[in-house]
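Listed below are the residues making up each chain.
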Amino acid sequence: MKQLTEQEVTQLLQQIEKGDESAFRMLFDTYYKYLTVIAYRYLNDGEKARDLAQDVFLDIWNRRAELQINYEIKAYLRRAVINKSLNYLKREKRIDFSENEKLPDSPIAPQAALEVEAADLKRIIQQCIDQLPARCRIIFCMSRFEEKSHKEIASHLGISTKTIENQITRALKSIRKTLASYKLSMILLFLQNLFFL
Amino acid sequence: MDQDYYINLIYKQLKGIISDEEAIELQGWQQSSAENQALKNEIYEAWENSEHYELPFELNLDEDYAQLQSKIRQNDHAQKVKKLPTERRNNHWWRIAAALAIILLAGFLLRNFLNQEEKWLEQTAEKEILEINLQDGTKVFLNTGSSLSYPETFSSKERLVKLKGEAFFEVVKDQSKPFRVNSPELEVQVLGTSFNVRDELQNGQASVSVEEGKVKVSSIFAKQTLMLVAQESAILENNTLEKKQDTNLNTLAWKRKSLSFSNTRLEDVIEDIARQYGLKISLDNPFTDDCPFSGRFSTDLPIENIFKILNDIHDIEVQKINEQEYLLIGGRCK
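The listed protein sequences correspond, in order, to chains A and B.
Residue 0 is where the first sequence starts when you use numbering that gives the first Met the number 0, and the numbers rise one by one after that.
Residue 0 is where the second sequence starts when you use numbering that gives the first Met the number 0, and the numbers rise one by one after that.
Calculated directly from the structure, the hints in this document are not laboratory data.
For lysine to aspartate or glutamate, the following DMTMM-like pairs were computed, each having C-alpha atoms within a straight-line distance of at most 20 Å:
(1) B:Lys39 x A:Glu164
(2) A:Lys121 x B:Glu53
(3) A:Lys47 x B:Asp63
(4) B:Lys172 x B:Glu157
(5) B:Lys215 x B:Glu236
(6) B:Lys176 x B:Glu151
(7) A:Lys17 x A:Glu7
(8) A:Lys172 x B:Glu50
(9) A:Lys121 x B:Glu41
(10) B:Lys215 x B:Glu231
(11) A:Lys150 x B:Glu270
(12) A:Lys161 x B:Glu20
(13) A:Lys172 x B:Asp3
(14) A:Lys17 x B:Asp75
(15) B:Lys14 x B:Glu47
(16) A:Lys47 x B:Asp61
(17) B:Lys254 x B:Glu210
(18) B:Lys11 x B:Glu21
(19) A:Lys89 x B:Glu121
(20) B:Lys126 x A:Glu91
Required output: the full structure, derived from the provided sequences and hints.
Structural data, given as structure tokens:
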């Protein structure tokens, strides 16, 4: 993402207020990916993430005449997309953050990692986090990527800080397990190459 | 201490929120065995590597911008349609069709539950407070954004309902069948009385306030139980249930449709208003000194009118950030 200076942003917003579509496009190009990534971490659904990120821009365009963004645009957009994501999860997916999930502690199949030959680490991690239970993934992502404090997460999701700690511990354990089996598969692969080829 | 406890400490260290005592404890644990040291490194690694959680595909900006443009066009079109009076008839037909569909659906559902024994119903109060009469004569006032599930006919042993959000209950006495309310974090049990239960996702607070009679409240996760009598509240905070005297006049504001204050600190006034209107109101210049406020607002008033009153009395300026968020600036005590 290329960064815009504060001055550029102010100018851009003024132009958008006047209905300048090229300025709007520039704002979109600058922040759209950033917002989609954030939404994706919450939703684990690429299509919906794009949809909600677009809706943030749709709102901006619709309300361009009365737009009053008094603080950093990036923070404003981020908050908008997070609100949309959480609302969507609560309303449509009916995820109840406060209820105890009775799911197996480690939903990840370490076997899968073993089978992947020289798979890149990035994809393995991706899969691992994708497969966490929704509530666990969201809490982890809020802490890891949004730089949110426990208190903020607690008030966003309406859960106790204890639950937050438990869920993050659970996510970390899962990733650790996946990493361990990934390393093991790399060693096996290396040995295979050494002895059988 | 089990492993999870230390993983949590490691996480706190990564986030930089670990306390000095915890840091020392972690240090001791990690030095006590090579295994522990390895675990710590692995958790560090897990945290670092989670950075790779990204979109699993590439975005095409042109394509997505085109999608956005079509949304904008649809939206413009929808607004135009709303404004055109000639289109209204169209709208009318839709309503009739929708009403018919609802009637048909209701009929279908009705037939369905007549065929079943224990049928649970769920009602959600969308925009207005909903008054629900249960089979035993108990009255429930369901606050907006809340939902209640209840059986059409109560079982022979107890009267159980499930609540998400906030509701006020006027329970009909029945010694032989206790009345029980389950919410995500609380369980409330009574024989006959009136009380308010609030257990909301958005702000993470759960509480029970008793207006009349005696109520037993248990927290589901903390496994704690309290007995409450009239004018007492139980509040669940940080997973502990605490008893408090009901000093806030506005616990039932949503049901009374008015907010009352009597020598209340302005800060608390604003908090109650925010809660009542479901808004986020931040103060740029918090009133550190106690500024007492007395008065009564009807909550049927639009929020703008209430802000106007605050502005008249305390010179508070209001900035609208968006539909849900306001910033109050300045203000002084008079």
